[in-house]
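Those protein sequence lines, which keep their order, are chains A and B. Using the numbering used here, the letters of the first sequence map in sequence onto residues 1 to 312. Using the numbering used here, the letters of the second sequence map in sequence onto residues 1 to 208.
A hint or two may mislead.
Stated by the list, open to error - Some chain B residues well away from chain A (every beta-carbon gap over 12 angstroms; in silico):
{"id": "1", "residue": "Asn21"}
{"id": "2", "residue": "Asn111"}
{"id": "3", "residue": "Gly120"}
Unchecked claim - Subject to a maximum C-alpha distance of 30 angstroms in a straight line, what follows is the list of computed DSSO-like cross-link-like pairs (lysine-lysine):
{"id": "4", "chain 1": "A", "residue 1": "Lys277", "chain 2": "B", "residue 2": "Lys27"}
{"id": "5", "chain 1": "B", "residue 1": "Lys74", "chain 2": "B", "residue 2": "Lys178"}
{"id": "6", "chain 1": "B", "residue 1": "Lys27", "chain 2": "A", "residue 2": "Lys41"}
{"id": "7", "chain 1": "B", "residue 1": "Lys132", "chain 2": "A", "residue 2": "Lys142"}
These are calculated hints, taken from the structure and not from any lab test. It should be emphasised that the depicted structure is a prediction, and the values quoted were computed from it without experimental measurement. Even for Gly, the Cβ is constructed at its ideal location relative to N, Cα and C.
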Amino acid sequence: MNINLLTDEVLYVLIGIVAVLIISTIITKIMKQKNNSSGLKEVEMRIRSWWLMFIIFTFALIIHSTISLIFMALLCFLALKEYFSLIPFNRAHRLVLFWAYMTIPIQFLLIYLGWYGMFIVFIPVYMFLLIPIQAIIVGETKNFLRSIATVQWGVMLMVFGLSHLAFLLVLPGREESVAGAGLVLFLVVLTQANDVAQFIWGKMLGKKKIIPKVSPNKTWAGFIGGVLTTTVLAVILAPLITPFSLLASIIAGLYIGLTGFIGDVNISALKRDLNIKDTSAIIPGHGGILDRVDSLTYTAPLFFHFTRYFYF
Amino acid sequence: MKNILFALLVRPVILFVLGLNIRGRNKLPDKGPCVIIANHNSHLDTLVLMSLFRGKSFAKVRPVAAGDYFMKNKFLAFFSTKVMNIIPIERKMTRDFRGMFKPVLEALDDNGIIILFPEGSRGEAEQLSKYKSGIYYLMREKPEVPIVPLFIHGLGKALPKGSFVFVPFFVDIFVGDKFFYTDNRNDFMIEMNERMDALQEEGQFNEW
C-alpha cells in the first residue's frame, strides 16, 4: 500500500462513498419489496456495478501510483477501443488505428516522467501531424478526411482528454497533505456524482427537456439540480482532499457540473449519429466504458487546467 | 498444453485486448456431439470460438482445418495437432466423402464439439463468401447431430487475411438456433445461407 497517497482525509472520503453505496443499496432493496418494476431492477444492477467500479478504482488508486497510471492507461484503451469498434471506417486505413492505439503508452510514459511540456503537445501537435502520414503511405484517398478526422477526434477525447486524470497524480510542487490522489478522487467522485444527481433530479422533478433531439431523457430540472448538488458536494469535499479555497471549490463544483453535462451529451450525440444505445455491454446496467467515462472526457482536462493554473 | 496456453495467453488477450459481445450465449451447446459453423475472416476466429467453451466441453472442442495449410511444416503441424487439437482434412475434390471426413466422424462419435468454417478459407475481411457444400456431405453421414450457426464480426478487422499487424477491436458473436440436416442438398444450403444471413443482419454493422 502506498501510504503517501492514502492520507487520512482520502480515507474519510472513501468511507463516505461506501456509506452512500450502502444506503442506496438498502433503499433499492426496500423499494423493491414495495413494487418490483423493471426500472428498479436496472437501478439495482447499476448500483451493483457501482460497487465493483468503486472497489477496482480504489485499489488502483491506493496501492501504488504506477499502478494507478497503468489502470488509467487501460481505461483510455478500453474507451478508445469501443469508439474504434463503432465508427464507420475505411479498411484501407486500418494501420492508422494501430498508431492511434500506440499514442496511449507514449502519452502515459510522458506522464510517468512528469514531462508536462511534451505531454501537452504530443497528441494535439505531433500526432495530429503524424497520423495522416500513415494514410498517405497506404495511398487510399477515398474517405481520407473522414478517417483522419474520426481518429483524431477519438484520440483527443479518449487519450488526450482522459489522460489528464493521470497527470493530476504527478503534478509537481504539491503540498505534503494534498496528494495527487486526492485531486483524482475529487474529480472522479464529483463527475460521477454529477451524473447520478442529474439522473435522480430529472426523475423526480424533470419536465422540460433540455436538448430533446440529442438526449431525450435530459431535463432542465435534472441539469440544474445536478450542478447544484455537485457544487454542494465540492464545498464539502474540497477542504479534505484539495488545496482549494471556498470560492475555488464553488467554481470547481459548478465547472465540473456544467462540463460533465456537456461531455455526457457529446457522447450521446455520437451514439445518436451512429444509431446505437450503448457503446458496449461491459458494465451491467451502465453499458460500455465510454458510457461511463463520457463526462470525464470533458471534466478531466478542464478541471486539470483549472487546478494547475490556480494552484500549481 | 492447450489449457495452459488458453488460460495464460489466449483468454486474457481475448478478454482485455479484444473484448467479446456475445448474443445468444445460451444457445451454445455445452456438450457434444454437435457441429458449430461460422464465417471465417481471420486466424483468430478459431481461437475465439474455442475460448467460448470451458472445462469439460473445452476438452471436446475440435476445429476442422485445412491439412495442406496447417500441416505445412513440422512446427506448424505440432502446434496444430498437439496444442490446438485440430482435425486436419484435405481440401480437394473427391468422391470419397466418407474417407475424407473419417476423422471428423470419429470425433463426433466421441461426443466432440466440431468447429467448421463452411467457406473453406478465410474470405475478404468482414464479407461472407459463398459456402461450400462440404458441410452437406459431412452432415449426410451424421443427420442426427445438431448444427449451431454462429456469426463473428470484428476479427476480420483485428487481423485480416494477409496482415501481420494486430489492431484491437470489439468482437461481436451471434449464436443462432440449432438446425439439422435435410436430405435435399439445395434446400440444405439455402437454409444454412438464410440462417447465417439472418445472424449477420442482427448486427447492423457499418461497412468496412
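Outcome of the hint check:
no.: 1; hint: Asn21; result: violated (6 angstroms)
no.: 2; hint: Asn111; result: holds (32 angstroms)
no.: 3; hint: Gly120; result: holds (22 angstroms)
no.: 4; hint: A/Lys277 with B/Lys27; result: holds (24 angstroms)
no.: 5; hint: B/Lys74 with B/Lys178; result: violated (37 angstroms)
no.: 6; hint: B/Lys27 with A/Lys41; result: holds (25 angstroms)
no.: 7; hint: B/Lys132 with A/Lys142; result: violated (33 angstroms)
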